[in-house]
Amino acid sequence: MGKTRGFTLVELAIVLVIIGIILGAILKGQELINNAKAKRLQNDLRGLEAAIWTFYDRTGHFPGDCDKDGTIEYSLPATESSPSHSGDVTSFCTTEDKEASFNDLRYATILPKNTSNADLAKTPFAGSFFTIGYNGTSGYNAIAIYNLPAWAARMIDASIDGSMSGTSGRIRRWDNSAGDWPSDDLNTNVHLIYLFDRM
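Each position in the sequence shown, counted from 1, maps to that position plus 1 in my numbering.
I should point out that these hints are in silico values taken from the structure, not numbers from a laboratory. Only a predicted model underlies this, so the values are computations on that prediction, with no experimental measurement involved. In this text, a Cβ means the ideal position worked out from N, Cα and C, and glycines have one as well. Certain hints may be false.
What the hints assert, rightly or not - Pairwise CB distance ranges (calculated):
#1 180 x 98: 28 to 38 Å
#2 26 x 58: 43 to 53 Å
#3 18 x 88: 52 to 62 Å
#4 40 x 11: 19 to 29 Å
#5 139 x 41: 34 to 44 Å
#6 10 x 184: 36 to 46 Å
#7 69 x 44: 42 to 52 Å
#8 71 x 113: 25 to 35 Å
#9 26 x 140: 28 to 38 Å
#10 40 x 169: 49 to 59 Å
#11 44 x 166: 17 to 27 Å
Please model the entire structure based on the sequences and the hints provided.
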C-alpha cells in the first residue's frame, strides 16, 4: 500500500505567499480606484465652479440668483435627500429653489441643456450629489456635496485647503455635526460645502 503524501511546509509557504500577493494586489487596486474617484469628484467640483463663474461673467449674477442681489437664495440644508431633478428648461429662473442654479446653467448652455439636473448633479460615489446654494452660517454662496465618504471629503479638503480641517477654510463639513471630519470611521457618509464665493 502506497504512502499518502501531504503538502510540505515549503509548498504551504509558497501557497500562502501567492495568496498574500493576490490579496495585496486586490487591496492596492481598490485604493487606486478610490483615489481616482476622489480625484474625479474634485475635478467635477472645480468644473461646476468654473461653470458658475462663466455664467457670472456672461450675466453679471450667479445662477439661481433670480433677484440678482448677489446671493443664491436657496439655503443649503444640513441634509438633502435627493438631487435636483428638473426636466425641460425654457427660461432663466424666476423662482429661487434648488433647481434654479442648474436650470440657469442649462438654459445658458454652459451645461448640456438636454441632460437632467439629477444627472448633472451626480458624483462618482453612489448616492452622492451636488447642490448649489447659499450657506447662511458662513454668509457665502457654496456648492454642497451630500453623502460623501469621509475619507474622500478629507482628501478633497487637504487638496484644496492644504489641511484636513472640516471647520475652516473653503472646504467645510456640512451636516448635523458641527465638528471636524471623522477620524475613526472614514467610511461614514458626510456632507461638505465648498465656499466658492467671496473668499
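Cβ distance range 34 to 44 Å for residue 139 and residue 41, holds or violated: Roughly 26 Å apart at Cβ, these two residues miss the hinted range, so it is violated.
Whether the CB-CB distance between residue 26 and residue 140 falls inside 28 to 38 Å: This hint is violated: roughly 48 Å between Cβ atoms.
Status of the given 43 to 53 Å range, CB of residue 58 versus CB of residue 26: This hint holds: roughly 47 Å between Cβ atoms.
Assessment of proposed distance window 19 to 29 Å (beta carbons of residue 40, residue 11): With Cβ atoms ~43 Å apart, the hint is violated.
Range hint 49 to 59 Å (beta carbons of residue 40 and residue 169) holds or violated: Taking Cβ atoms as reference, residue 40 and residue 169 lie about 23 Å apart, which means the hint is violated.
Range hint 17 to 27 Å (beta carbons of residue 44 and residue 166) holds or violated: 22 Å Cβ-Cβ, so the 17 to 27 Å window holds.
Consistency of beta-carbon spacing, residue 88 to residue 18, with hint 52 to 62 Å: holds (57 Å)
Cβ distance range 28 to 38 Å for residue 180 and residue 98, holds or violated: Once the Cβ atoms are compared, 30 Å apart, the range 28 to 38 Å for residue 98 and residue 180 holds.
Outcome of range test on Cβ distance (residue 71, residue 113; 25 to 35 Å): With Cβ atoms ~27 Å apart, the hint holds.
Hint check for residue 44 and residue 69 - Cβ pair distance inside 42 to 52 Å: Given range 42 to 52 Å: violated, Cβ gap about 30 Å.
Verdict for residue 10, residue 184 (Cβ pair) under range 36 to 46 Å: holds (42 Å)
Figure legend: structure checked against the earlier numbered hints; hints not met, in rising order: 4, 5, 7, 9 and 10.
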